[in-house]
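Visitor: Turn these sequences into a full structure, and let the hints steer you where they fit.
Numbering follows the working numbering, in which position 195 of the sequence shown is assigned residue number 195; successive positions increment by one, without gaps.
Please keep in mind that the hints were generated in silico from the structure rather than gathered at the bench. Beta carbons: idealized from backbone N, C-alpha and C, even for Gly. Warning: the hint list may mix true and false statements.
[Said to hold, decoys possible] Label pairs and their in silico Cβ distance ranges: (1) R195 x I93: 16 to 24 angstroms; (2) D133 x I153: 27 to 35 angstroms; (3) G187 x A145: 24 to 32 angstroms; (4) S192 x L41: 52 to 60 angstroms; (5) S183 x L41: 25 to 33 angstroms; (6) S106 x V159: 54 to 62 angstroms; (7) L41 x G162: 14 to 22 angstroms; (8) T113 x G162: 28 to 36 angstroms; (9) V182 x I93: 14 to 22 angstroms; (10) G8 x V44: 32 to 40 angstroms; (11) A155 x S192: 33 to 41 angstroms; (12) T173 x S141: 29 to 37 angstroms; (13) G197 x G40: 55 to 63 angstroms; (14) G40 x R7: 23 to 31 angstroms.
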Amino acid sequence: MPIRTHRGRTAVYRSFWGWPVRSPKHLAGTVLALVAIGLGLGRVLPDNQGRATSAAASISAERKAAASPFGTGPRSALADTGIARQPPAPSPIIPAPAAALTVARSWVNGFLTVPKGITAARWVEQLRPYSTDDLFPQLQSIDPANVPAAQIIEAPRTVSVGASSAEVDVPTTAVVVRLLLVSTPAGWRVASYERVG
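Guide: Encoded structure:
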């Protein structure tokens, strides 16, 4: 017969939850049972997860080895024939637009061109056509006398290209300069620079 009164339901819950504290034997038995359940779960769960993960990894490795002529392990079919494995070719980098590369080269050339007796203001002005307005405070804090005497030794190299930005490395005799160029309504402009090598 179902319990229909609130007082009856409460009495059932009270007797159920109150059972462990009725006597010291009940309390000790309850604590031991909970500890045993906790230890059992602690021992069982990590082993099952570890085994499942390692089994999945070995199955995945076997499938890759079967699908790939190069194998995946230290001993592959090619290793037995004495043929050396070639490292994977780097993914092709989409070159930056020619206009961005031209601006990068012109900016670095202007940055490195420091005639004797040039003022800091004049030196910054020669970079204005190639720089964003946000870069000027940083450029104005530079003393042109501290700019290394260097020349560009290679064409600018594309590092990465986005929808309206490009990262370009320009190698010089002193350092490699990495530029972040952004596309503006006025064309490509240098937004930041850093020394990378």
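Visitor: What hint numbers does the structure not satisfy?
Guide: Going through the list in order, the structure violates hints 5, 6, 7, 11, 12, 14 and respects the others.
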